[in-house]
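Q: These are the residues of each chain, in order.
2 protein chains.
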Amino acid sequence: MAFPVIGMVGGGQLARMTHEAGIPLGIRFRLLSDTPQDSAAQVVNDVVVGDYRDLDTLRAFARGCDVITFDHEHVPTEHLRALEAEGVKVRPGPDALVHAQDKGVMRARLTEIGVPCPRHRIVADPADVARFAAEGAAGEGDAPGGDGWPVVLKTVRGGYDGKGVWVVRSAAEAAEPFRAGVPVLAEEKVDFVRELAANVVRSPHGQAVAYPVVESVQVDGVCDTVIAPAPDLPGELSGQAQRLALTVARELDVTGHLAVELFQTRDGRILVNELAMRPHNSGHWTQDGAVTSQFANHLRAVLDLPLGDPRPRAPWTVMVNVLGGDYPDMYQGYPHCMARDPQLKIHMYGKDVKPGRKVGHVNTYGDDLADVRERAAHAAAYLRGTITE
Amino acid sequence: MAFPVIGMVGGGQLARMTHEAGIPLGIRFRLLSDTPQDSAAQVVNDVVVGDYRDLDTLRAFARGCDVITFDHEHVPTEHLRALEAEGVKVRPGPDALVHAQDKGVMRARLTEIGVPCPRHRIVADPADVARFAAEGAAGEGDAPGGDGWPVVLKTVRGGYDGKGVWVVRSAAEAAEPFRAGVPVLAEEKVDFVRELAANVVRSPHGQAVAYPVVESVQVDGVCDTVIAPAPDLPGELSGQAQRLALTVARELDVTGHLAVELFQTRDGRILVNELAMRPHNSGHWTQDGAVTSQFANHLRAVLDLPLGDPRPRAPWTVMVNVLGGDYPDMYQGYPHCMARDPQLKIHMYGKDVKPGRKVGHVNTYGDDLADVRERAAHAAAYLRGTITE
Chain A
1 MAFPVIGMVG
11 GGQLARMTHE
21 AGIPLGIRFR
31 LLSDTPQDSA
41 AQVVNDVVVG
51 DYRDLDTLRA
61 FARGCDVITF
71 DHEHVPTEHL
81 RALEAEGVKV
91 RPGPDALVHA
101 QDKGVMRARL
111 TEIGVPCPRH
121 RIVADPADVA
131 RFAAEGAAGE
141 GDAPGGDGWP
151 VVLKTVRGGY
161 DGKGVWVVRS
171 AAEAAEPFRA
181 GVPVLAEEKV
191 DFVRELAANV
201 VRSPHGQAVA
211 YPVVESVQVD
221 GVCDTVIAPA
231 PDLPGELSGQ
241 AQRLALTVAR
251 ELDVTGHLAV
261 ELFQTRDGRI
271 LVNELAMRPH
281 NSGHWTQDGA
291 VTSQFANHLR
301 AVLDLPLGDP
311 RPRAPWTVMV
321 NVLGGDYPDM
331 YQGYPHCMAR
341 DPQLKIHMYG
351 KDVKPGRKVG
361 HVNTYGDDLA
371 DVRERAAHAA
381 AYLRGTITE
Chain B
1 MAFPVIGMVG
11 GGQLARMTHE
21 AGIPLGIRFR
31 LLSDTPQDSA
41 AQVVNDVVVG
51 DYRDLDTLRA
61 FARGCDVITF
71 DHEHVPTEHL
81 RALEAEGVKV
91 RPGPDALVHA
101 QDKGVMRARL
111 TEIGVPCPRH
121 RIVADPADVA
131 RFAAEGAAGE
141 GDAPGGDGWP
151 VVLKTVRGGY
161 DGKGVWVVRS
171 AAEAAEPFRA
181 GVPVLAEEKV
191 DFVRELAANV
201 VRSPHGQAVA
211 YPVVESVQVD
221 GVCDTVIAPA
231 PDLPGELSGQ
241 AQRLALTVAR
251 ELDVTGHLAV
261 ELFQTRDGRI
271 LVNELAMRPH
281 NSGHWTQDGA
291 VTSQFANHLR
301 AVLDLPLGDP
311 RPRAPWTVMV
321 NVLGGDYPDM
331 YQGYPHCMAR
341 DPQLKIHMYG
351 KDVKPGRKVG
361 HVNTYGDDLA
371 DVRERAAHAA
381 AYLRGTITE
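The listed protein sequences correspond, in order, to chains A and B.
According to UniProt numbering, the first sequence is numbered sequentially starting from 1.
According to UniProt numbering, the second sequence is numbered sequentially starting from 1.
Just so you know, the hints here were simulated from the structure itself, not pulled from any lab data.
These numbers come from a predicted model, not from an experiment.
Do not take every clue at face value.
Copies of one chain are not kept apart here, so a pair can be met inside one copy or by any two copies together.
[As the list claims (entries may be wrong)] As a list, the in silico SDA-like pairs of lysine to any residue whose alpha-carbon atoms are at most 25 Å apart:
#	residue 1	residue 2
1	89	329
2	189	178
3	358	45
4	89	332
Please model the complete structure; the sequences and the hints are all you need to start from.
A: As structure tokens, this is what we get:
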């Protein structure tokens with residue numbers, strides 16, 4: 001049997017949903033998981049429990065695989081370079097992945113290739129943050145108030161879901177980010193009307209597909225709702241966003257799914273916020289709303305197979321995240337949600353409920369955006385326990 | 001965590017695809033498999049290898065589950081009755097399932113509830129078969145030629161995919177079926193214009209959904225192509241078929257998916273051919289062509305959850321089976337098939353290729369039936385090795 005073995009590093013929900021997409025392809029799926037109870041470990045047959053930070057563990061894991069890919073971006077770049085040097089197919093490769101792992105490297109490269117970013121630079125200490133703010137007051141930029149504050153500070157490595165990001169209004173507030181001992185990137189706080197995501201998938205031989213540009217609504221720094229396609233987005237801006245994402249994928253030689261998170265500014269420009277080189281929360285809607293899901297296309301790209309059609313199957317698709325709330329039991333909401341909406345698509349991750357933790361999402365689709373949004377929002381809130389009828 | 005544990009007896013592709021549908025529901029899936037390499041065993045985490053014909057094995061397996069269901073219909077009825085008596089939730093229950101396991105019992109019950117069947121009766125030996133033929137010559141029936149031959153003979157238990165079925169033209173040809181030592185059912189050979197399937201899903205509390213009636217094309221006794229919905233099927237006949245299937249589900253107290261295979265006669269009547277109480281080949285199109293797949297709805301029913309919308313998502317959906325041919329390697333056809341049709345949906349089962357064995361299927365959907373059929377037929381033939389470009 002010549003079906004390839006995909007090695008997935010990381011056992012979170014992205015791995016779980018990638019395995020789900022891989023089942024119909026008949027490919028074999030091998031998982032490197034932190035624990036046997038991880039989201040993906042619960043549903044995969046071939047599970048290796050081990051530490052992805054250990055090179056020998058990675059080596060042994062990769063030995064049974066035709067290609068390895070990732071559920072997260074925390075595998076040390078130097079380990080991936082070592083594996084690649086030893087002949088392991090790593091997709092996306094470390095030279096691409098470093099741009100999703102290190103925000104400083106990402107900003108430098110994007111600027112190099114002419115992709116619009118917020119004003120930014122690495123800052124050394126709180127006094128330097130104040131200088132950065134002043135540079136913004138003097139020159140161009142979107143900072144409201146015109147004095148260059150607030151400033152967004154990010155550790156260049158390690159942040160996700162709002163962690164490792166601070167919004168500060170003075171040098172006095174700027175001390176904490178530097179305590180991690182990791183370089184800190186300062187960025188202007190963009191006066192955006194909304195956040196978008198332009199996601200693409202690219203394969204090793206250069207084929208790429210672009211998904212419809214979506215609107216992404218964050219609550220407390222975490223993705224809450226995604227609307228596909230982004231409502232009232234001028235065709236020119238949508239095309240610009242997709243071309244930008246395809247350019248980034250090509251210039252960085254990305255293999256697999258690339259999520260490009262964007263700001264749409266008040267004056268109608270788009271700026272790159274962040275990159276992720278893996279399936280992404282902003283693409284979960286594709287599981288039910290697109291011809292080919294981000295997970296299926298990520299697998300095809302990693303296997304160097306022709307990519308699937310990224311087009312939508314419905315006029316509107318909405319995803320709302322289900323975060324842990326007061327109820328430990330997500331299952332008890334099923335009868336209500338399923339009876340209320342026979343078209344609801346529930347995606348649970350098998351994770352223990354902790355307040356604010358991503359434990360699942362719901363997708364809805366249809367012709368009427370208000371209705372599609374309401375159905376998804378209601379179901380997510382009900383499952384979470386925020387509403388009880 | 002209050003997510004239920006579904007115990008699936010049998011590790012074939014139906015179990016594999018049911019697990020695939022269960023992943024997003026967050027439910028836990030436990031498999032009783034003949035071997036560790038079975039289709040479903042390759043993709044499930046919690047696998048028990050054991051013999052479903054052994055009651056103690058079934059008992060131990062069921063102990064870890066909230067409900068058990070089936071990939072096939074071969075679990076001995078008496079074992080299921082024993083489990084039910086011991087408090088195990090068996091869905092569908094043995095009293096329903098026996099009608100899918102024993103064609104004699106099925107025919108008797110359907111006749112009792114007034115559901116149209118081909119002329120039939122149990123026959124004792126070849127001479128009795130000749131008498132059955134004569135009964136058909138004398139009275140009503142669709143037998144061409146008017147002498148009551150040919151006659152279809154079926155062992156009441158054990159047949160599938162054309163096995164255990166004989167079409168005989170004389171008493172002399174009728175010896176073989178009786179050698180199995182199992183009761184033999186004789187049926188008139190129906191002069192049908194085509195075969196249909198009216199599939200429904202029913203839950204323990206009586207809710208039921210009916211899928212669009214499909215056309216099913218058999219080649220050499222095995223399902224080859226399914227077209228959803230059946231083209232040019234008068235609304236009245238379609239409604240009749242769906243109502244018939246819902247009636248059977250209710251009268252037999254079926255829980256889960258019920259496939260009702262039908263003949264559409266030359267004079268516009270529908271007759272029941274066979275029943276299956278599990279997800280079925282005639283319903284694979286639903287994975288990509290319906291709002292809720294047969295697998296997802298079977299799970300909901302077995303868990304007594306509200307059922308999902310069974311309506312189609314596309315005007316036409318076609319499934320073509322991929323049978324083993326001369327190529328041992330199904331994967332090598334992927335680049336061609338995926339490049340030719342970016343909307344193609346491949347579903348492979350992870351099974352070793354043997355000539356004529358069901359190793360997967362492809363689904364296509366769209367607005368133009370001829371195009372949708374051509375795309376699916378081409379892909380299946382290419383993967384099988386029947387064509388090479």
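Q: If a hint holds in the structure, say so; if it doesn't, say that too.
A: Going through the hints against the structure:
In the homo-oligomer, the alpha carbons of residue 89 and residue 329 lie at most 25 Å apart only across protomers (22 Å), although the nearest pairing inside one protomer, at 40 Å, exceeds that limit. Taking CA atoms no more than 25 Å apart as the test, residue 189 paired with residue 178 passes inside one copy only; the shortest distance there is 19 Å, against 83 Å between copies. In this assembly of identical chains, the alpha carbons of residue 358 and residue 45 lie at most 25 Å apart whether taken from the same copy (24 Å) or from different copies (22 Å). When the C-alpha separation of residue 89 and residue 332 is checked against a cutoff of 25 Å, the pair qualifies only between copies, where the shortest distance is 19 Å, while the shortest distance within a copy is 43 Å.
Every hint, counting from the list given before, is met by this structure.
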